[in-house]
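For this one, chain F is given, so just place chain X on it according to the hints.
Protein sequence lines, in the order shown, are assigned to chains F and X.
Numbered by the numbering used here, the letters in the first sequence go through residues 82 to 420 in order.
Numbered by the numbering used here, the letters in the second sequence go through residues 3 to 452 in order.
If you're looking for bench data, these hints aren't it; they were derived computationally from the structure.
Any given hint could turn out to be false.
As the list claims (entries may be wrong) - Partial list, computed: chain X residues near chain F (C-beta under 10 Å):
1. M88
2. Q89
3. R122
4. N125
5. P126
Just so you know, even glycine gets a beta-carbon here, dropped at the ideal spot from N, CA and C.
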Amino acid sequence: MSIEVIGITVLWIFLYGYLIVASIDFGAGFFSYYALITGRSNMIHTIIERYLSPVWEVTNVFLVFFMIGMVGFFPDTAYYLGTTLLIPGSIAIVLIAIRGSYYAFSTYGSKENRFYKLLYGGSGLLIPASLSIVLTISEGGFIEERGNDVVLLYGKLFTSTYAWSVVILALVSVLYISAAFLTYYAHKAKDMRAMEVLRGFAIGWSGPTIIASLLVFFAIQRHNPMHFENMLQLAWMFILSLTCFLIATYLIWNRKRLGLAFVMVMLQFALAFFGYGAAHLPYIIYPMVSIHESITSPAMGIALIGAFIAGLCLLIPSLILLMRLFLFDANYVQGLQKK
Amino acid sequence: MAYDPVVYSRILTGLTLGFHIIFATIGVGVPLMIAIAEYLGIKRKDPHYTLLARRWARGFVITVAVGVVTGTSIGLQLNLLWPSFMQIAGQAIALPLFMETFAFFFEAIFLGIYLYTWDRWKNPWIHFTISIPIIIGSTLSAFFITIVNAFMNTPQGFKLDGRTIVEIDPLIAMFNPATPTKTAHVISSAYMTSAFVLATIAALAILAGKNHIYYKKALKLTMVCGLIFSLSTAFIGDLSGKFLAEYQPEKLAAAEWHFETTTQASLVVGGYLDKDHNLHYGLKLPFALSILAHGDPNAEVIGLNDIPADERPPLYIHYFFDIMVAIGSSMIALCIGYLYLNRKKRLSKGKEVPRFVLRLISFSGPLAMLAIECGWIFAEAGRQPWILRGYMKTVHGATTATNVDWMLLMFSLLYIVLGFGVWNVLRRMFRMNTPEEELAMRGANGGEAK
Numbered sequence: 082m083s084i085e086v087i088g089i090t091v092l093w094i095f096l097y098g099y100l101i102v103a104s105i106d107f108g109a110g111f112f113s114y115y116a117l118i119t120g121r122s123n124m125i126h127t128i129i130e131r132y133l134s135p136v137w138e139v140t141n142v143f144l145v146f147f148m149i150g151m152v153g154f155f156p157d158t159a160y161y162l163g164t165t166l167l168i169p170g171s172i173a174i175v176l177i178a179i180r181g182s183y184y185a186f187s188t189y190g191s192k193e194n195r196f197y198k199l200l201y202g203g204s205g206l207l208i209p210a211s212l213s214i215v216l217t218i219s220e221g222g223f224i225e226e227r228g229n230d231v232v233l234l235y236g237k238l239f240t241s242t243y244a245w246s247v248v249i250l251a252l253v254s255v256l257y258i259s260a261a262f263l264t265y266y267a268h269k270a271k272d273m274r275a276m277e278v279l280r281g282f283a284i285g286w287s288g289p290t291i292i293a294s295l296l297v298f299f300a301i302q303r304h305n306p307m308h309f310e311n312m313l314q315l316a317w318m319f320i321l322s323l324t325c326f327l328i329a330t331y332l333i334w335n336r337k338r339l340g341l342a343f344v345m346v347m348l349q350f351a352l353a354f355f356g357y358g359a360a361h362l363p364y365i366i367y368p369m370v371s372i373h374e375s376i377t378s379p380a381m382g383i384a385l386i387g388a389f390i391a392g393l394c395l396l397i398p399s400l401i402l403l404m405r406l407f408l409f410d411a412n413y414v415q416g417l418q419k420k
Numbered sequence: 003m004a005y006d007p008v009v010y011s012r013i014l015t016g017l018t019l020g021f022h023i024i025f026a027t028i029g030v031g032v033p034l035m036i037a038i039a040e041y042l043g044i045k046r047k048d049p050h051y052t053l054l055a056r057r058w059a060r061g062f063v064i065t066v067a068v069g070v071v072t073g074t075s076i077g078l079q080l081n082l083l084w085p086s087f088m089q090i091a092g093q094a095i096a097l098p099l100f101m102e103t104f105a106f107f108f109e110a111i112f113l114g115i116y117l118y119t120w121d122r123w124k125n126p127w128i129h130f131t132i133s134i135p136i137i138i139g140s141t142l143s144a145f146f147i148t149i150v151n152a153f154m155n156t157p158q159g160f161k162l163d164g165r166t167i168v169e170i171d172p173l174i175a176m177f178n179p180a181t182p183t184k185t186a187h188v189i190s191s192a193y194m195t196s197a198f199v200l201a202t203i204a205a206l207a208i209l210a211g212k213n214h215i216y217y218k219k220a221l222k223l224t225m226v227c228g229l230i231f232s233l234s235t236a237f238i239g240d241l242s243g244k245f246l247a248e249y250q251p252e253k254l255a256a257a258e259w260h261f262e263t264t265t266q267a268s269l270v271v272g273g274y275l276d277k278d279h280n281l282h283y284g285l286k287l288p289f290a291l292s293i294l295a296h297g298d299p300n301a302e303v304i305g306l307n308d309i310p311a312d313e314r315p316p317l318y319i320h321y322f323f324d325i326m327v328a329i330g331s332s333m334i335a336l337c338i339g340y341l342y343l344n345r346k347k348r349l350s351k352g353k354e355v356p357r358f359v360l361r362l363i364s365f366s367g368p369l370a371m372l373a374i375e376c377g378w379i380f381a382e383a384g385r386q387p388w389i390l391r392g393y394m395k396t397v398h399g400a401t402t403a404t405n406v407d408w409m410l411l412m413f414s415l416l417y418i419v420l421g422f423g424v425w426n427v428l429r430r431m432f433r434m435n436t437p438e439e440e441l442a443m444r445g446a447n448g449g450e451a452k
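So here's chain F without its partners, still in its complex pose (with noise of 0.2 Å):
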């Protein structure tokens, strides 16, 4: 493999990483605020809270790691991206600032404040709207270069029936994938009411998540003709994808097995999710810049790399321990601990 194709290959598993932990976490947000007006919340509230805690640092990094990656593999996207991607960028990145910091805030500081909630379940469905947008642009046709400069073409975007799917799979995957993990984790716990709760939002997503997905589909088809075609080259993965789909709302729908059931949503995302981006090669930003034409020092590619592999050596036992400790250990997923 080329030094580019590793480079993309290792950003969009980073991508992904971000997708799955950031989904669950905004996901966990919205329910935790849907449950304490619904008058629920006492019942997954701790739940949710015991995920939480520890995680939801680690969330952020996901995402600063893809950034930059992106930028140093790919420089001419910070070119592009980044001019065109001010407003909603700054938007994007003003919730995450909210959102993260009034999590803490609740949490460790003043306990049940109901704004802090709503500014922290809110934050988290905006979040992932604003941030597809990314995915949307880089399928072409919303950004024109005239002259020394790079616009957005806003009308264009708000009018696009393909950014607008990409909007909603964006929010019912975040519901679905969150709730599936929840249900899980409830499972898990032993706290079946919590689990009931959260297996009903597991079950009344997994329709829209599917619906969503479809839509993307035949906006796809329209918008970009190309890509879709990759697509079908790739049906066999979205073929997968959808298997995988069936398996876990089959799971969950019969309270059997909640953990193999996450790992089939987590199969279902990574299959479409990947199918999607390598049809998508060699482009990154249809049709301004393509992985071939970036890398202009392989030293430094090299480089990244050896990093990459050595931040791992790191990372990834940490991230075991890290999941030994809460996720994984009876005792603290049930509360049993002294906190």
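Just chain X, lined up with the frame of chain F:
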């Protein structure tokens, strides 16, 4: 003011960094202080130090949260506000930026573990061990991010071919001439400032009439650390002066209003310049600048007149330099004074450390933070007009997008809200739950001081 994306981009970047630096400094220094307190607690079997570590850690989480989100802001803003700069320099700084994120990742994981495992193991040393990766992670992330900044000051290890940067040698770019002094100064001053921030808290508690021995232990510990770190910061600061003289003479000359290249150059303290560059009310210390620059009173120091007019940094950086140095030196004096009085107090019973000393200490944290901000403004404004010294001017790196002014407004509001939120939450957190109550609850009441 007419809309100029460069000006607004500079203000916005400055604002974000200026806000982030407060939390980043605490984020680098406080973990070390927490670990020292926990270590003393276990080693001396003294529950006061352990409680100190716990309470600091609890407050620390809140500041970390803001540090994380503002750090994410600046990470993304670099691309949004300086796309042309990132397109060119992005690859060269990618490696240290990457490693910074790794270090931060590492820290984030272990911080999560640390905070939730206080009573998990019978052997307290296991929990203490977890603080070590946090310190390593936070210090390394300061190290790597400062390398990025060092690279912008003394770029090397690449060739510029039109708008593309080629033939990058990652290690030569990372270990550029500015790297050693910059990283050491940033890390040391972060430790120093954190020690003083915590000293401020202890001093305020004692001033408010709390006389539990807990506060006195806290004050003494933080002041001892403060002395060590401020001495090392001053020492590294001197090395930084020598670095500037060699690699960025224009920054040093602008800071000292040194126009003519001369030997036996004098250092200017305070004062102001009129239009014709005549110094008023300033104090000139003969030979001092030559000593600062080259360690030799007779050494020649390059003056601003030898620098092309369009490459001279603004002259106002002199004030920032002076404030930084003045605060740094008075901190050392304050620490020595306090420790001397504290010793005298211990030798003769009944004598307390005078209240005015405590009052001075209560200003040390904010002042040290001010010194950090001033030092940083001095370093950054001092390399104007360059964004990549010698390669790219700031005006060519900025975004061309419209609406940067609105973004500036939005972020200003955000920082006001966050700043207010932190202040509010921290205050409430510590008011509601005093150390005395906590000690009583843990069944470890070390007794009143009197």
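Do the hints match the structure? See the list:
1. For the restraint placing M88 (chain X) at the interface with chain F, the shortest Cβ-Cβ distance is roughly 4 Å, inside the 10 Å limit, so the hint holds.
2. Proximity of Q89 (chain X) to chain F holds as hinted, the smallest CB-CB distance being about 4 Å (cut-off 10 Å).
3. For R122 (chain X), the interface hint holds, since its Cβ comes within 10 Å of a Cβ in chain F; the closest pair sits about 7 Å apart.
4. For N125 (chain X), the shortest C-beta to C-beta distance to chain F is roughly 16 Å, which exceeds 10 Å, and the interface hint is violated.
5. Checking P126 (chain X) against chain F by beta carbon gives a least distance of about 14 Å; that is not within 10 Å, so the hint is violated.
The structure shown violates the earlier hints numbered 4 and 5.
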